[in-house]
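K.L.:
Kindly produce the complete structure, drawing on both the sequences and the hints.
So the sequence lines, in the order shown, correspond to chains A and B. FYI, numbering that gives the first Met the number 0 numbers position 68 of the first sequence as 67, with every residue one higher than the one before it. FYI, numbering that gives the first Met the number 0 numbers position 48 of the second sequence as 47, with every residue one higher than the one before it.
Calculated from the structure, these hints are not laboratory results. A portion of the hints provided could be inaccurate.
For chains that are exact copies, the list does not tell them apart, and a pair is met inside one copy or across any two.
[To be verified] Distance condition first, Cα-Cα at most 20 Å in a straight line; then the derived EDC-like pairs of lysine to aspartate or glutamate:
| hint | residue 1 | residue 2 |
| --- | --- | --- |
| 1 | Lys-104 | Asp-6 |
| 2 | Lys-80 | Glu-64 |
| 3 | Lys-104 | Asp-19 |
| 4 | Lys-80 | Glu-97 |
There are 2 protein chains.
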Amino acid sequence: MRSVEADTSLKSKLFRGLADPSRLSILEVLREGPLNVGEVVAATELSQPNASMHLDCLFCCGLVERERNGRYVYYRIRSRKILQLLAASERVLEEAAEQIAMCEKYEK
Amino acid sequence: MRSVEADTSLKSKLFRGLADPSRLSILEVLREGPLNVGEVVAATELSQPNASMHLDCLFCCGLVERERNGRYVYYRIRSRKILQLLAASERVLEEAAEQIAMCEKYEK
DNA sequence: TTCTCATATCAGTATCGGCTGATATGTTGA
DNA sequence: TCAACATATCAGCCGATACTGATATGAGAA
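P.N.:
Put into structure tokens, the structure is as follows:
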């Protein structure tokens, strides 16, 4: 059994992985299926180094997997549980969207 | 129907609300039931201004509700969907905890 | 090997957000 | 009204992290 503090610390790390708009938009496009870095760049309009760093971040946190295929590296969402977490966040937004939109914190 | 970009932006705001260890520990203690600010301070060992600001942040983002009772203000988790989101994050951690723990980003 | 393309890495910069200490606001009871 | 307590607010500092531009690494093709 894990301690509560460890859980809280890891959980915050997990949520920070999800808290950046660039990373979220990457996960959004990966929802449709695996993409290589160039395709992610095209789909998200992030710069190539930026996308590469965020993908590495997502990989590091266990949210995506990667596999080299020739010169291309393909990234995919690691598991259904990630998708379920995203879906759960959307259900929260169903009831809290207006409030969150009006909230002055984290304007960006 | 909401646009994808709006969704991504709101979602990142939501996750940022959850991405801070202090706020997560507050949500953790509120899981047991409503608490006033002083009780949150005692349970989390946050400073009073700090706890107050984080509670306001959680309130602002629609994650908790508050209700004044005499001089005390009681905070409670706003809905079951929040609890389900936290539960979903724990299921992700079941499979990604080691990787996230080892990840060098977001050391804190 | 050499060229080309795909991806990763790095230093520098700028910004954002969390924490503290002091103080303000608000509520109850005397 | 005043004193005591609970909570909220604010300025200032500090650390963390996202982005850019340049460059390095790695892989296939010729």
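K.L.:
Work down the list of hints and note, for each, if the structure agrees.
P.N.:
Here is how each hint holds up against the structure:
In this assembly of identical chains, the alpha carbons of Lys-104 and Asp-6 lie at most 20 Å apart only when taken from different copies (17 Å versus 25 Å within one copy). Proximity of Lys-80 and Glu-64 under a CA criterion of 20 Å is satisfied intra-copy only: 13 Å inside one chain copy versus 28 Å between copies. For the identical chains of this complex, Lys-104 and Asp-19 are neighbours both inside a copy (14 Å) and across copies (13 Å), given an alpha-carbon limit of 20 Å. With identical chains, the CA atoms of Lys-80 and Glu-97 are at most 20 Å apart between copies only, with a shortest distance of 16 Å across copies and 27 Å within one.
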